[in-house]
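**Q** Take a look at the letters that make up each chain.
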Amino acid sequence: MKIFDLMLKIDRRIIYLVLAVVVILPLVIPSAQHVRVMPPVEKLFTAVDTIHSDKVLMIDFDYDPQTQPELEPMALAILRHAFNKRIKVLGLSLYVQPLGLAKSAFDQVISEYNSTAKTYEDSIIYGRDYVFLGWQPPPLVPILGMGESITNVYKKDYYGNQTDTLPLMKKIKNYNQVELLISISSGDPPLWWVGYAQNRFGLKVGVGCTAVSASDYYPYLQTGQFSGLMVGMKGAAEYEELVESRLNIYKRRKASEALPSLTYAHLVMMAFIIIGNIGYFIKRRQK
Amino acid sequence: MNISLDPWVWISALLSLAIFSFLYKDNPFYKFAEHVFVGAANGYAVTFYWHNILVPSLFDPLFRQGKLLYIISLIIGVLYFTRFIPKISWLVRIPIGITIGYYTGASIPAGIQANIIKQIQGTILTKENFLAWHAGNAGIIWSIILFIGVLCTLSYFYFSKEHKGVLKVTSRIGIIFIMIGFGAAFGYTVMARVSLLIGRLQFLLGPWLGIIK
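Just so you know, the sequences run in chain order A and B. All residue numbers for the first sequence refer to the working numbering, where the first residue is 1 and numbers rise by one. All residue numbers for the second sequence refer to the working numbering, where the first residue is 1 and numbers rise by one.
Certain hints may be false.
[As the list claims (entries may be wrong)] Taking lysine-lysine and the DSSO-like style, the derived pairs with C-alpha atoms no more than 30 Å apart in a straight line are:
#, chain 1, residue 1, chain 2, residue 2
1, B, Lys67, A, Lys118
2, A, Lys251, A, Lys55
3, B, Lys67, A, Lys170
[Unchecked claim] Label-pair distances were calculated between CB atoms; the ranges are:
#, chain 1, residue 1, chain 2, residue 2, range
4, A, Met270, B, Glu162, 35 to 41 Å
5, B, Tyr158, A, Arg246, 16 to 22 Å
6, B, Asp60, A, Asp49, 56 to 62 Å
7, B, Arg193, A, Ser31, 21 to 27 Å
8, A, Tyr16, B, Lys213, 25 to 31 Å
9, B, Leu23, A, Lys287, 29 to 35 Å
10, A, Ile273, B, Ile85, 50 to 56 Å
11, B, Glu162, A, Leu25, 52 to 58 Å
12, A, Ser31, B, Glu34, 31 to 37 Å
13, A, Tyr159, B, Tyr158, 51 to 57 Å
14, B, Val78, A, Lys55, 42 to 48 Å
15, A, Val28, B, Thr126, 50 to 56 Å
16, A, His52, B, Arg193, 51 to 57 Å
17, B, Thr99, A, His52, 56 to 62 Å
[Stated by the list, open to error] Where chain B lies over chain A, by a calculated footprint (3+ residues, C-beta under 8 Å):
#, region
18, 21 to 27
19, 46 to 54
20, 114 to 127
21, 132 to 140
22, 191 to 199
To be clear, the hints were calculated from the coordinates, so they are not data collected in a lab. Backbone N, C-alpha and C define an ideal beta-carbon position, used for all residues, glycine too.
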C-alpha cells in the first residue's frame with residue numbers, strides 16, 4: 001500500500017516546513033495562553049522573595065547565545081523581581097561567553113527601573129545595589145574560593161573596579177552573607193554549586209536550566225538540594241507570570257509569548273510520531 | 001513590517017539563514033557560517049584569556065612585579081607545548097597529572113556527598129520526602145513508587161547474577177522505569193530544541209523584519 005510507505009518515509013524537509021509554519025504563525029498572530037505556575041518555580045520565587053535585607057542574592061549567568069532564548073527570560077524575570085524587592089545582587093559567570101549576555105541583562109533591567117526612578121535612592125546604583133563580578137577561571141576556583149573571601153577571588157569586577165572599594169562589597173565577605181545562589185545555566189554548573197559550595201559551605205542553590213537538563217536535575221529538587229527549579233521556556237514563562245501577578249510588573253514576556261508556538265510544535269511532533277508508528281505497524285502486519 | 005537598517009542585525013540574520021539552510025542540505029552558505037562561528041568563538045576566547053587571565057594573573061606578577069614564585073606555574077603551563085616535540089613529549093604528563101589529580105581529589109568527596117549520599121537519603125521513606133512531592137496525601141504514593149523504581153532499576157544493572165526468578169521480575173519493572181526516564185528526557189530535549197528555534201525566529205521576525213514587536 002503506497003500510503004503506508006509514505007507514512008514511513010515522510011521527507012524530513014516536509015516535517016521542517018510544517019514545524020516552521022506552526023512555530024511562526026503563533027508568533028505573528030499572538031494568542032493568549034494561560035500559564036499555570038508549578039511548585040518548583042513557585043518555590044524558587046518564594047526563596048528569592050524571602051531573602052533578608054542584610055543578605056544578597058548571587059546570580060550565576062551561565063548561558064550563551066545557543067541557549068539564550070530559554071535562559072535569558074529567566075535572568076530578566078529574576079532581576080526584575082530582585083530589584084523590585086530592593087534585594088542586593090551579585091552577578092558572575094563561570095564561563096567567558098555569557099559575560100556579554102549577563103551585562104546586557106543587567107543593563108536592560110536597570111534601565112527599566114532607572115527610567116522611572118525619581119530620586120537617587122529610588123535608582124539602582126552600581127556598587128551600592130548590585131555588583132557584576134565577571135569571570136574567573138577555572139570554575140572550581142571561584143566556587144571554592146568565595147567560601148573564604150569573595151574579594152580575594154574577584155579582586156577586580158567586570159568593569160575593572162577594585163571590588164573591596166565598592167560599598168556593597170564592604171558588607172559582604174563570603175557565602176555567609178549570600179542567602180541564595182541562582183545558577184541560570186545550560187550545563188553542569190548547578191551540580192558544581194551543590195557539590196562544592198553547598199556541601200562545604202551550606203549555600204542554598206536555586207536553578208534555572210535548559211529543558212535538556214531537566215530530567216537530570218529533578219532528583220536534586222526532590223532531595224531539597226535545589227531550593228527551586230525553572231525548566232526551559234515553560235519555567236521562564238511561569239516566573240514571568242509570578243512577577244506580573246504578584247509584583248505588578250508589566251514588561252514584555254518573551255517566554256510566555258513563545259508558549260503557543262511550543263505547544264503547537266509538540267503537537268505536530270506527536271502527530272508525526274503517531275503517523276510513523278501506524279505506518280510501521282500496518283506494514284509489519286502486512287509482511 | 002519595519003525592516004532593520006542596522007548592519008549587525010543584517011549580518012546576524014543572514015548568518016542565521018545560512019545555518020538554517022543546512023535543513024535543506026549541506027551547502028557552501030552553511031559551511032561559510034560554520035567557519036565564521038568557529039573562528040570568531042576561538043578568536044574571542046584566545047584574546048580574552050590573554051588579556052584577562054595570562055597577563056594580569058601570570059605575566060604582570062612575574063615580569064613586572066618580580067614575584068618569582070610564579071615561574072613554577074609558567075613552567076608547568078609551558079610543558080603542555082612539549083606535546084609538539086616528540087623527543088620530550090612525555091613531559092606533558094606532568095601538567096596533565098597535576099590537573100587530573102587536583103580535579104579528581106576535589107570532585108570525589110563532593111560527588112559522593114551530593115550525588116550518592118543525598119540521593120539515597122531522598123529515596124528513604126520519610127515524612128519530609130513525602131512532603132517534597134507537593135502532592136498532599138499522594139506524596140506518600142509517589143515516594144513509594146520512587147522507592148520501588150530505584151530498587152528495580154538498580155536490580156536491572158546487577159549483572160553478577162542471571163536475571164531469573166525475582167531478579168527477572170524486578171529487572172523488567174526496572175526497564176519500565178528506565179523507559180519512562182528516557183521518554184521524559186526525549187520530551188524535554190524536543191522542548192529545548194524547539195525553544196531555540198523559537199528564539200531565532202523571534203529574532204528574525206522581530207529585530208530584523210519588524211513583523212512582530
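**Q** Return the numbers of the hints above that this structure violates; sort them in rising order.
**A** Result: hints 1, 5, 6, 16, 17, 19 and 20 break, sorted rising.
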